[in-house]
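Protein chains in written order, with numbering that gives the first Met the number 0: chain A, 0 to 223; chain B, 0 to 198; chain C, 0 to 193.
What the hints contain is simulated information worked out from the structure, not anything from laboratory work. One or more hints might be untrue.
[Claimed, not checked] With a Cα cut of at most 30 angstroms, we get these calculated DSSO-like pairs of lysine-lysine:
hint: 1; chain 1: A; residue 1: Lys220; chain 2: A; residue 2: Lys167
hint: 2; chain 1: A; residue 1: Lys72; chain 2: A; residue 2: Lys105
hint: 3; chain 1: B; residue 1: Lys160; chain 2: A; residue 2: Lys105
hint: 4; chain 1: A; residue 1: Lys69; chain 2: B; residue 2: Lys160
hint: 5; chain 1: A; residue 1: Lys72; chain 2: A; residue 2: Lys167
hint: 6; chain 1: A; residue 1: Lys72; chain 2: B; residue 2: Lys160
hint: 7; chain 1: A; residue 1: Lys105; chain 2: A; residue 2: Lys69
hint: 8; chain 1: A; residue 1: Lys220; chain 2: B; residue 2: Lys160
hint: 9; chain 1: A; residue 1: Lys167; chain 2: B; residue 2: Lys160
[To be verified] Incomplete in silico selection of chain B near chain A, CB under 8 angstroms:
hint: 10; residue: Ala161
hint: 11; residue: Gly163
hint: 12; residue: Thr169
hint: 13; residue: Arg178
Beta carbons: idealized from backbone N, C-alpha and C, even for Gly.
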Amino acid sequence: MIEFSGVGHRFGDRVVLSDVDLTLPERRVAFVGANGSGKSTLARMINGLVLPGEGRVLVDGLDPAKDGRKVRKHVGFVFTNPDSQIVMPTAGEDVAFSLRGTGLSKAERARRAAEVLAEYGLDGYAEHPAHQLSGGQKQLLALCAMLVLDPAVLVCDEPTTLLDLRNKRRFAELLGTLRQQVVLVTHDLDLLDGFDRVVVLDGGRVVADDEPEPALRYYRKLAE
Amino acid sequence: MISAHEPGTSMVHRTPVGAKLLALFVLAGAVFVLGSPLWLGVLCGVVLFGYALARIPARRWLRTARALLMLAVFVFALQWWLLGGQAALVVCLRLVTALAAANLVTLTTPVDDVVSAVERWVRPLRRFGVRPESVGLLVGLTMQAVATLSGIAGEVREAAKARGAERSVTAFAVPFLVRTLRHADELGEALAARGAPDR
Amino acid sequence: MPDVPAPRVSLPAADLARTVVFAAFIAVLGIFPGIYLGGSGVPIVIQNAGPLLAGAILGARRGTASVVLLLGLVAIGLPLLSGGRGGLAPFVGPSGGFLIGWIASALVAGLIVQRAERPGLPVLLLATTAGLAVDYAIGIPFLGAYTGDLGAAAVQSLVFLPGDAGKVVAAAVIAAVVHRALPGTLTRPVVRGE
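The whole structure should be built from the sequences, with the hints applied where relevant.
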């Protein structure tokens with residue numbers, strides 16, 4: 000369960016979030032809003048990439064402001080551009096990179112990496128140069144690098160912006176099958192099939208918070 | 000454009016860029032050749048007179064003076080220990096004179112003036128394929144790239160943190176370089192698309 | 000795609016872009032504060048690893064050009080050196096020789112890397128070490144001219160040797176990973192993902 004209580008934040012003079020109170024026990028949650036609405040900042044607070052200026056965030060009882068490292072093990076994060084996240088030359092090595100410091104042997108890390116790649120549609124790609132994968136495959140790789148640690152929560156910040164329509168659909172379907180609690184930040188309203196809850200942000204405030212249908216109706220009206 | 004320039008209308012400001020640079024090089028040469036504290040002191044005085052002549056506001060020269068003083072004290076102590084008092088004094092006078100003079104040129108010369116001066120100077124190189132008007136453009140393109148790469152550096156650092164690798168140099172430097180190279184490719188394509196010669 | 004005016008220079012666009020972007024890369028290494036090297040608690044400035052990386056990744060010609068461009072922009076007064084320094088003062092200061100030596104660093108590192116078909120870690124280590132060595136070979140006599148005592152200048156420069164040795168190794172390791180991740184970077188533009 001993710002809880003925001005009285006959360007506010009500013010970058011310099013610009014207020015990016017104010018008075019956010021949310022309790023999110025649902026398995027599939029989306030943050031929707033225009034550019035600069037504060038949705039990405041809110042999502043980053045879930046694993047402590049941004050700490051709230053005011054108020055408090057709790058993720059399954061963990062406070063990112065106090066236990067940053069623990070929270071980041073508990074919450075995986077997928078970014079818009081997978082190139083930011085891919086550190087190692089091959090797909091297998093990159094997934095295994097996530098497992099350094101777990102005490103597993105090198106062979107065991109490689110085996111686990113190959114397993115996870117196989118499970119999410121990159122079977123046989125362990126030896127493949129990571130940067131020669133297609134855009135869709137790279138985003139899958141970024142996802143695998145997070146899932147290999149088996150986090151309880153997965154936050155995705157506009158993960159499909161750089162993907163084509165087919166890969167976008169596949170990524171969305173995949174998100175649907177995960178056992179993790181998923182928080183998705185997106186502009187892409189097609190991705191929200193099967194979501195339990197949609198939070199609409201505007202100017203740093205929550206302006207709608209509902210099931211997808213009514214929330215999105217509100218968001219479309221806001222955009223007009 | 001961000002720069003260390005301090006606008007003004009004094010004689011020093013109005014001296015052409017070329018003359019100022021020439022004066023700086025002559026002075027820097029003299030500073031290295033002269034070994035007498037007396038003559039170095041005179042040169043140092045000349046440079047300080049230049050600051051007065053340029054009417055550099057106190058807040059600017061105080062900042063420079065403080066940085067120079069700190070450096071000079073440190074260097075003096077070190078050289079005194081290594082080489083003795085007289086040599087330490089000579090080194091410090093060289094240091095303060097050369098740095099203060101170079102800083103005065105930078106303070107009194109807008110970047111745009113230097114750019115157009117360089118464009119004038121490279122004109123004779125035209126027959127070797129150098130296009131003078133590209134100098135200003137290189138400046139603009141690089142500053143734009145600095146802004147873009149700063150953004151990328153921020154994103155990459157955030158991603159490294161999310162992977163629990165905020166202390167790993169590789170987790171920062173490798174994705175940063177990969178995205179830097181990709182940005183270079185995009186820029187190359189954009190330039191080619193707009194008529195820059197391509198291979 | 001970045002919105003840029005078309006330049007009229009006689010460099011192919013891809014080479015020009017790499018030169019410009021790497022000059023910016025070295026600048027950003029100085030602007031971006033606090034990189035933790037090898038688990039140490041103190042953030043250190045790694046800008047002087049930039050010329051080594053430029054040579055080791057782009058090769059001699061483009062690597063050297065990017066360092067020359069960066070130093071040119073610094074000289075005309077843009078604050079692109081670490082700590083926001085810029086202008087002519089850094090060049091005439093006691094460590095000016097180390098700054099000018101960056102050009103030779105990129106050149107030497109690039110020349111060595113280009114000799115290898117597929118640059119692996121040993122070649123890259125050799126390249127970055129040689130690159131740093133030529134920087135010292137220019138920087139120390141320059142400092143010596145200041146102090147009037149070459150021996151003392153060499154002794155003073157030893158203070159930086161442990162940190163610089165760390166950067167030489169880090170630059171080689173990073174360049175090795177980049178060359179494995181993007182093969183062909185030395186010879187042609189990056190192979191695109193799609």
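Hint by hint, here is what the structure shows:
1. A:Lys220 with A:Lys167: With a Cα-Cα distance of about 25 angstroms, the restraint between A:Lys220 and A:Lys167 holds, given a limit of 30 angstroms.
2. A:Lys72 with A:Lys105: Satisfied, since the Cα-Cα distance of roughly 20 angstroms is no more than 30 angstroms.
3. B:Lys160 with A:Lys105: holds (23 angstroms)
4. A:Lys69 with B:Lys160: holds (12 angstroms)
5. A:Lys72 with A:Lys167: holds (26 angstroms)
6. A:Lys72 with B:Lys160: holds (11 angstroms)
7. A:Lys105 with A:Lys69: holds (23 angstroms)
8. A:Lys220 with B:Lys160: Cα-Cα ~37 angstroms, so violated.
9. A:Lys167 with B:Lys160: holds (26 angstroms)
10. Ala161: holds (4 angstroms)
11. Gly163: Holds, about 5 angstroms.
12. Thr169: At about 6 angstroms, which falls below the 8 angstroms cut-off, the nearest Cβ of chain A leaves the hint on B:Thr169 intact, so it holds.
13. Arg178: At about 5 angstroms, which falls below the 8 angstroms cut-off, the nearest Cβ of chain A leaves the hint on B:Arg178 intact, so it holds.
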